[in-house]
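*Asks:* So the chains spell out like this:
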Amino acid sequence: MNHLLLLQQGQAEQLRHFPYITELVKLKIQNIQLNSFNIKTHSELRVGLITEGKFDWNIAGQGYTLFPGDTALACPWQAIGSTKGIMDIGTLTWIGIQPEYFDVQGKLQLGTWSGISESEQGVMGKILAMNKTPVLTRFGAGATILQSIEYEIMQQEMGYRTRVNHLLDELFIEMVRHLSKAENFRRDFPQIFLKLEQTLRSNLAHPWTVEEMAGLVGLGTTAFTEKVKVFTGFSPLHYLINLRIAEAIKLLRQSKHSLTRIALETGFYSSQHFSSTFKKLTGYTPRAYRKNQ
Amino acid sequence: MDCILTIDINTSAVRIHAFDLSGKVLGMRKGSYPTFHPQADYSEQDPEQVFITTLYVLKNFLNEQIHPQKYKVQAICFCAAMHSVLAVDKNGRPLGNAVIWADNRAIKQSKMLKNSPEGTSIYNNTGTPIHPMSPLAKIAWMQQQDPERFNQAYKFISLKEYIILQLTGEYLVDHSIASSTGLFDIHQLKWNAQSLSFAGIDKEQLSTPVSIYFDEVGLKKEYYKSLRLASTTKVILGSSDGCSATLGSGDIRHKRATVTIASSGAVRVAGKEFLADEQQRFFNYLLADDYFISGGPSNNVGVAFDWFTQQFGNFHQGQEFEQVREELIRDAVYVPAGAKGLLFLPYLLGERAPIWNANARGVFFGLNITHEPKHLLRACVEGILLEMYSIGKLLGTQRSFDSISMTGSYASVPLFAQILTDIYGLPVQVNTQVDSIAQGTALIALTQMGYFSGLEEASASTHFTGTYSPDEQNHDLYMKYFEVFERLSGKLEEEFELIAGLQ
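So the protein lines, in turn, are chains A and B. With the numbering used here, the residue at position 42 of the first sequence is 42, and numbering never jumps. With the numbering used here, the residue at position 173 of the second sequence is 173, and numbering never jumps.
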């Protein structure tokens with residue numbers, strides 16, 4: 001194994017100012033070594049880019065064959081490694097980034113170094129956590145960004161620390177945009193919306209924002225709001241209220257749950273909020289509705 | 001000023017229109033809801049979501065458009081997609097989702113019935129082709145495959161009946177919707193014993209069938225109050241989408257066929273006789289005033305073109321689906337008729353009329369080395385419309401017609417209208433300003449209220465915004481293509497079954 005570049009946190013002086021970069025590695029593999037790449041999870045987020053060769057990997061329990069130009073992405077809770085435990089012959093680069101906080105529900109805080117707003121980090125975390133295709137194809141931006149990060153870290157020219165932080169932000173933004181766009185490529189809006197609706201239904205208790213919903217389908221909030229209006233007849237938040245009330249009606253009629261529990265399960269922040277919204281729409285208070293049935 | 005509202009509970013959305021008492025549209029509002037496919041053959045909708053969406057849209061429409069303009073709502077008239085079934089318990093609570101027309105889970109039950117003498121008699125009495133789409137087959141499926149739900153069911157109702165139940169507290173079904181269930185005797189206007197016994201239910205488990213003009217129940221008083229409607233506002237039951245669309249798209253006394261081209265499609269004719277067919281290829285649904293709406297439905301219309309767009313459209317950076325589809329339609333205009341000898345059989349989802357073969361599959365036929373993507377594109381459009389012709393041609397053998405009304409979302413696409421007129425060799429008329437389903441529903445309400453003497457006079461009040469005339473040369477050319485199209489569709493029956501078995 002030939003390391004073209006091997007920077008590891010705690011050992012490499014160059015990473016001293018970037019404690020959140022756990023490693024930056026560029027490898028050229030000419031001979032196969034046993035047990036050089038076993039499947040395991042890492043505490044950080046890993047992004048790996050193949051430049052030469054063909055690699056059989058397993059990410060989050062599923063096998064993938066990666067070719068030059070492909071980018072692998074593993075979240076902290078996702079195991080990554082080679083199916084055979086070895087690094088195949090070829091060339092690749094990877095970077096490990098340790099967010100301050102990142103969990104499987106998608107709650108993400110990159111750290112003070114990042115210029116991305118807190119709420120946008122939340123949306124990005126959600127998209128990364130829900131992503132089901134950990135191999136990004138034709139992700140051209142990835143190669144350029146990784147190359148620039150390497151250059152900045154090695155050359156340490158004026159302003160390089162700011163530059164590297166910007167480049168890391170850039171990497172996150174590009175990855176997330178790529179993921180949400182790839183997901184909806186060649187789909188018409190009704191199909192895109194159906195998928196979003198399933199996501200919303202599967203977690204109605206979550207306080208969904210328009211930014212989150214738009215991010216999930218790879219659209220800006222303005223375009224998203226307009227499209228949802230044209231397609232559904234409702235603004236995104238009104239559509240959501242629709243879903244919440246429909247689910248609440250089901251729970252009111254078919255369960256013995258308390259109103260507070262129903263309110264929280266369907267995403268209202270209090271039973272008062274639930275009651276007033278419900279009454280406004282149906283003409284009944286939830287209590288009266290339940291009794292009436 | 002007085003107005004009426006029409007509420008159309010369709011497959012993808014509820015559309016509420018306001019009309020003045022002369023039948024002119026005053027405004028419209030819609031709200032969509034999804035269809036779920038928990039398994040490949042399943043198509044379901046959430047009844048509570050359909051209800052809440054309907055109520056929400058109605059409320060917003062009234063509060064934001066109708067009340068501020070001081071319109072007084074005289075009546076509300078309903079319309080809905082056919083063939084949905086929902087099991088409800090004693091308290092009217094849904095037992096799971098509603099199963100809609102597109103659902104194919106009852107393929108085995110319908111096949112069994114169709115091939116029996118009982119099937120023929122049920123078809124002749126009910127007018128509904130024996131097919132997984134019909135509630136008859138779906139209830140039989142539930143009895144066999146989901147006995148728990150079946151045994152808990154107090155009644156089996158359609159989504160329209162569910163909405164009516166929620167709003168009025170009564171189990172009522174209009175004759176049009178009832179006539180699309182496969183359970184209703186359209187000659188005697190009562191539930192058909194033979195169907196009931198096949199489905200394993202008794203007639204108490206179905207709603208009370210009433211005329212489309214029925215207006216004897218009102219909204220629950222809470223709804224009059226919360227919607228700020230006068231308690232004198234009538235509720236008129238109304239009809240089904242297919243019947244209303246036909247009524248709303250031209251004089252029903254004329255020798256005319258209505259061709260609907262949307263996501264799915266249909267060719268329909270209105271008339272006073274039942275169109276019997278030994279091979280059960282037509283439906284006969286009840287309108288009112290002795291009128292039947294007869295015809296055949298197709299699965300592969302807009303859906304097939306959307307498939308083509310998705311697979312072959314040029315999606316460069318940032319291009320959205322709808323844009324790409326429009327570009328393709330523009331490109332297809334410049335490809336000469338006939339696509340250089342290439343034919344497309346559009347049976348991507350199996351087909352209903354006229355071949356009624358769930359195993360049918362799509363075919364590009366006649367490819368040679370000179371064909372380019374644009375020829376596939378043109379062939380796709382022509383194939384979809386040749387299929388719409390094959391239904392019309394068969395209908396024409398029993399009921400002749402000399403003009404066509406084209407309705408549905410593709411009626412506003414000139415390329416589709418022109419090819420349709422060329423293939424049929426008949427003038428095609430469109431109204432791109434009015435939704436024919438809403439118009440038909442309004443005409444039913446206005447007839448009920450006495451503004452028209454009957455549906456004949458009401459339908460004569462419709463008009464068109466455009467007419468397309470056939471090009472003789474293209475018509476002759478398309479007839480040559482149709483001969484091959486028709487032969488292939490019949491010849492490939494065995495091969496369709498073999499290939500479907502491999503999928």
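Hints were generated in silico from the structure; no laboratory data involved. Be careful, since some hints might not be right.
Straight line, CA to CA, 27 Å or less: simulated DSS-like cross-link-like pairs of lysine-lysine [claimed, not checked]:
#, chain 1, residue 1, chain 2, residue 2
1, A, Lys291, B, Lys225
2, A, Lys256, B, Lys393
3, A, Lys279, B, Lys114
4, B, Lys72, A, Lys250
5, A, Lys84, A, Lys107
6, B, Lys90, A, Lys291
7, A, Lys250, B, Lys24
8, B, Lys220, A, Lys229
9, B, Lys59, A, Lys279
10, A, Lys229, B, Lys70
11, A, Lys279, B, Lys24
12, B, Lys220, A, Lys256
13, B, Lys220, A, Lys250
14, B, Lys491, A, Lys279
15, B, Lys59, A, Lys291
16, B, Lys114, B, Lys255
17, B, Lys72, A, Lys280
18, B, Lys72, A, Lys291
19, A, Lys227, B, Lys155
20, A, Lys280, B, Lys203
21, A, Lys107, A, Lys54
22, A, Lys256, B, Lys480
23, A, Lys279, B, Lys203
Stretch-level coverage of chain A by chain B, calculated; a stretch enters the list once three of its residues show a Cβ under 8 Å from a Cβ in chain B [claimed, not checked]:
#, region
24, 223-234
25, 275-288
We put the CB at the ideal spot given by N, CA and C, even for glycine.
*Asks:* Each of the hints needs a verdict: does it hold here or not?
*Replies:* Structure-based check of each hint:
no.	hint	verdict
1	A:Lys291 to B:Lys225	19 Å, holds
2	A:Lys256 to B:Lys393	57 Å, violated
3	A:Lys279 to B:Lys114	49 Å, violated
4	B:Lys72 to A:Lys250	33 Å, violated
5	A:Lys84 to A:Lys107	33 Å, violated
6	B:Lys90 to A:Lys291	15 Å, holds
7	A:Lys250 to B:Lys24	38 Å, violated
8	B:Lys220 to A:Lys229	30 Å, violated
9	B:Lys59 to A:Lys279	12 Å, holds
10	A:Lys229 to B:Lys70	26 Å, holds
11	A:Lys279 to B:Lys24	33 Å, violated
12	B:Lys220 to A:Lys256	25 Å, holds
13	B:Lys220 to A:Lys250	20 Å, holds
14	B:Lys491 to A:Lys279	60 Å, violated
15	B:Lys59 to A:Lys291	23 Å, holds
16	B:Lys114 to B:Lys255	31 Å, violated
17	B:Lys72 to A:Lys280	21 Å, holds
18	B:Lys72 to A:Lys291	32 Å, violated
19	A:Lys227 to B:Lys155	39 Å, violated
20	A:Lys280 to B:Lys203	38 Å, violated
21	A:Lys107 to A:Lys54	33 Å, violated
22	A:Lys256 to B:Lys480	67 Å, violated
23	A:Lys279 to B:Lys203	36 Å, violated
24	223-234	holds (count 4)
25	275-288	holds (count 4)
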